[in-house]
Amino acid sequence: MKKFIALTLSLLLVLTFCAGCGGGGGSSSGGDVIKIGVFEPASGDNGAGGKQETLGIQYANKMQPTVTIGDKEYNVELAIVDNESDNSKAVTAAQNLVSQNVSIVLGSYGSGVSIAAADVFADANVPAIGVTCTNPQVTADCEQYFRICFLDPFQGTVLANYAYENGMRKAYCLSKLGDDYSVGLVNYFVEAFKNLGGEVVEEQFPDKNSDFTSYVANAKKAGCDVFFSPVSTEAAALIIDQAEAQSLGMPILAGDTWDSNVITSAAKGKNVEIVVTTFYQEGGNPDFDEGIKAWFEEDADAMTNNGGNTDLAAVTAMGYDAYFVALEALKAAGSTDPADVLGALPSLEVSGLVCGDVSFNETGDANKTEAFVKKCNTETGAWEFLKKQSAE
Amino acid sequence: MGLIQTWLPYILAGIAVGGQYALIAIGYTMVYGILRLINFAHGDVFMWSGLIMVYLITVLPLWLSIILVIIFAVVLGTTIEKVAYRPLRSAPRMSIMISAIGVSYLLQNFALYITGGLTKTYPAIGWLQKTVRIGSATTKMVTIITPVLTIVLVVLLVMLIKHTKIGMAMRAVSRDFETSSLMGIDINRVITVTFVIGCALAAIGSILYFSNYTGINPMSGAMPGLKAFVAAVFGGIGSVPGAVVGAFVIGICENLIKGAGWTTFSDAFTFVLLIVILMVKPTGLFGEKDIDKV
Amino acid sequence: MEVRLNKKTKSVLSAVCIALFLIFVYFGDIMISPGSSWKMLITVIEKGSIYALVAASMNLLNGFTGLFSLGQAGFMLIGAYTYAIFTIPADSHDKVYQYFDGGLIKWSIVEILEGKMGVLGHYLGMFIPMIGAGLLVAVIAFLIGIPVLRLKSDYLAIATLGFAEILRAFFQWNTLGPVTNGSNVLRKYTTYNNAVFPVLVSGICIAIIVLLINSTYGRAFRSIRDDEIAAEAMGINLFRHKQTSFIISSFFAGISGALLAMFQTTINATPFNTVMTYEILLIVVIGGIGSITGSIIGAFLFTAASEWWLRGLDAGRWLGISASFMRPGFRKVVFAVLIMLIVLFYSRGIMGDREFSWDGFLTWCRNLPANIKAWPEKHKAKSAARKEARAAKAAAKAKAKQAKADSEARKASGEALFTPLPVADHVVVFDKEGK
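Going down the list, the protein sequences come from chains P, H and W. This note's numbering applies: residue 143 is where the first sequence begins, and numbers increase by one. This note's numbering applies: residue 1226 is where the second sequence begins, and numbers increase by one. This note's numbering applies: residue 63 is where the third sequence begins, and numbers increase by one.
These are computed hints drawn from the structure, not numbers from a lab. Fair warning: this is a prediction, and the values are worked out from it, not measured in the lab. One or more of the hints may lead you astray.
[What the hints assert, rightly or not] Cut-off 20 angstroms, straight-line C-alpha distance, at most; resulting in silico cross-link-like pairs (EDC-like, lysine to aspartate or glutamate):
#1 W/K69 x W/E417
#2 P/K435 x P/D453
#3 P/K473 x P/D499
#4 H/K1355 x P/E521
#5 W/K157 x P/D261
#6 W/K157 x P/E285
#7 H/K1355 x P/E415
#8 P/K214 x P/D479
#9 P/K336 x W/D163
#10 W/K157 x W/E173
#11 W/K168 x P/D283
[Claimed, not checked] Output of the computed footprint for chain P on chain W, the stretches with three or more beta carbons under 8 angstroms from beta carbons of chain P:
#12 94–107
#13 327–341
#14 360–374
All C-beta atoms, glycine included, are put in the ideal place defined by N, C-alpha and C.
Excised from the complex, chain P in its bound form (with noise of 0.2 angstroms):
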């Protein structure tokens, strides 16, 4: 038994040895296929909001599957990988897709495993179009990354300044220990909320934490006004939940990343009031939505990567849009090398969007300088739309 449990363990060590490099060798020789890397997390902290943001752009695929360069005509083909929310798999993730060949790499959700990724990406100077990866220093660095969405000292000033224009001047601040995403935005909130002669109180929750209990207590028994968490939707959920069970008193306020049906439906019915700062705003674009709702029905699997409903995230907007803003890039450089596309990125102007158009800044940041303000209907778990804000 046992030497035949040995044999068959290296046996299929040996077969997947094999498939490690004849599947790579195989797929780079292919003719007219170009292959775009999608660098997002399936699992982890993140699962929730990468799959759907890996939505959008699986969609914008089946939408277009084809990009003209040149005169040749190429078949669009993604390359997937699962960074796990975790940085020290970021590097392997990336590496993986790098070694794939691919000419451009969408993503990431979730800014840490971006910025781990973006010395890989450098290395190999293949260019990444970071998709909802709000921290700067994504970007700061590396000039192989790229980012079509708003950045987190914008969009903390913005939420500051909600906060302030209703009244609030207490603000409860809520991030997770070693996210940079949630640190990050806090930091620039808090920031830009001291500057406008709000107080602050700051905590963070360790990982793997799900009893935010206490930290609702805490929330209250500061007397603030806003409970500020940009925090994963995770997290979200649960922080919601016990929002209603200790009756909070007081509107969440959070980032991009909740903008997501996952808070939605954690919300449906529950006496809280949620207030976001997105990128998109649901109705902005009918043919975008009904297009991509009637996917979700279509398709089982895309339904269960979507939360089990047609709800639209922001991040799957994004999604569809980094896809359309790659194939521009691709265009616009007239070939397949990673190389050729990076430069072709920086003068890139892409319009027609559904969040908006998209073009470059020096640090290769897209220009936004608005962001949409939504508040949850609790009643009919979705979002209502209240108005642009900008940092000013």
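Put chains H and W on the given structure of chain P with help from the hints.
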């Protein structure tokens, strides 16, 4: 009065989570008492019972789901024992612990595959999640139910151990494995029963825990599992009332620490407590002297 | 048929192999274009060699000294942070420590030494913080060891695991932000520029571990593992030797942490959790507890399988098979099942407690054809033996059943009180007293 009003929400939360830890800790303490094994997979059995509930409730009525969840946890726990622990019983202790870690790794990864890495929302069990007011604090009904139910179950369990044939056999086995087997006690049966009790309680614990904290992901069993183990050590491993007291102490302290603003260290505290207790009183609060641990 | 080479031939063979491997890695990293799928091989060698070092250090503790410690990830964490903190270039501090006003330490050892000694200074500047990381970890291990090493097996495991968790929280503490950057990643620190660096450093460290294991200390460690009481009776100071092993193991875990920091180019405390320790432990188990060679092979296999070969299982296409059940996460399930199979049916791992030797390797190679030829025979004999054993077991069972039935019958006829009881009946007596 002001002081109590301020701290009441934390204490309530602590008692609730303590009761839930207690139900998991019993499984640890009983298995350790008999097999001298830290059953690392116990926290994952707990997580899986929560996960199964999510899937069952969509097709079955609540009462049936609860029963099936408990049965599932029992079957899973005993299967793990049969497949992964029993063949290694005569092997070095390190091997069986590695096997436990391997099982835990497998259960977590399998859950990751099934859920696709997404956090599942635990179904709302109406009256458990009702909001109630106690003094200055508002909380969920489950917060009040948990300690009561925990104590009832523990009393029943202690009676079972003290006054039944199988309970006596368990005590005998935990005192001396080899001698009791020479005395004709069916060791395998005793171990199976231990796992059955431990897993059933973990399943009940999972219903209470996830009704309170409604998100389940593949890692949600790991931290409660470790904390419950620390509770078992704190109370004196092998002692059921000890584990329960330990769990309540840990639950309450953890929440008070968060309330005091030391949120970064709320998890680390549990381990500090563990190390302190191991240094100062390795037998725990109610532990017996002769257990070989130092 | 045994092969015996003289010592000189063996040394030459080893040196040639090592040199060839290093040259391969060095040129592989330079020559293979990033877009090639073979680039993954280099990445796997880099990460694998780092994991090989930490697995070897864990093996020294778990396999050779018999101390079941689960603190490895925590020690790697300290090593990684120590290295990173002291090598961030001065002008990058403002960017990295953006929320902490550029941090407390505003200089980099690498830059200081490079300014004075050029290229030599650059490498010296990398080695000093790396060794420093190891030493700091060793000091911390010394302090942790004083209370913890008095505990036995599983208590030691859980206590070290606890310490690792405490360290993780500590490094993410906002108050220490000016040094550790709190929750935010450390980046921009100096890293190596060729994959040969981690391979070389790990190789040297593992060589030191092997030398240690073959010294009197190594023998003392093994005697403690095999029998503490006997070892103590032979005059071995238990605590001091355990402490030595713990400190040395931690030192190398610290070095591997520093290497991992270089490999990842950014570092954050979150991934250094219990799962990481478990993975290292599983590498040790796959390779064989008590074999350094095994740990090395295990580390490379583990890394290659999880990061490279099995990735297709997640994407839905693997070995030409495509199936809808292959979706994200499937890779990890397959992986975990493989590990469980090894733990249960092949618990000695790949190498058991043997080490690589040229003699053994060549003998094995020479005997391989004969062994393969003999395998069907051997298999037949084995299965026959198994069948026999099964039959004997069934017979014994039947006999026991018969005996029980007999005694029941005798008891029913009231005879039991007057005849001496067979062993199987003790349960009944026990019951009666209980009531």
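Verification of the hints:
Between the alpha carbons of W/K69 and W/E417 the distance comes to roughly 16 angstroms, so the proposed pair stays at or under 20 angstroms and holds. As the CA atoms of P/K435 and P/D453 are separated by approximately 8 angstroms, the hinted pair is consistent with the 20 angstroms bound. Taken as a hint, the P/K473 and P/D499 pair is honoured in the structure, with Cα atoms around 17 angstroms apart against an allowance of 20 angstroms. Proposed proximity of H/K1355 and P/E521 is supported: the alpha carbons are some 18 angstroms apart, at most 20 angstroms.
For the proposed pair W/K157 and P/D261, the alpha carbon gap of about 16 angstroms is at most 20 angstroms, so the pair holds. Annotation: proposed proximity of W/K157 to P/E285 holds, straight-line Cα distance about 15 angstroms (limit 20 angstroms). Note on H/K1355 and P/E415: the hinted pairing holds, with a Cα-Cα distance of about 19 angstroms set against a maximum of 20 angstroms. Taking the CA atoms of P/K214 and P/D479, the gap is near 14 angstroms; set against the 20 angstroms cutoff, the hint holds.
For the proposed pair P/K336 and W/D163, the alpha carbon gap of about 17 angstroms is at most 20 angstroms, so the pair holds. The hinted pair formed by W/K157 and W/E173 meets the criterion: a straight-line CA distance of about 17 angstroms does not exceed 20 angstroms. For the hint linking W/K168 to P/D283, the alpha-carbon distance of about 19 angstroms falls within 20 angstroms, and the restraint holds. Here's how the region 94–107 of chain W fares: 8 of its residues keep a CB closer than 8 angstroms to some CB of chain P, so the rule of at least three is met and the hint holds.
Look at the region 327–341 of chain W against chain P: 9 of its residues bring a Cβ nearer than 8 angstroms to a Cβ of that chain, three or more, so the hint holds. Check result for the region 360–374 of chain W against chain P: holds, 9 residues qualifying (beta carbon to beta carbon below 8 angstroms, three or more required).
In summary, this structure violates none of the numbered hints.
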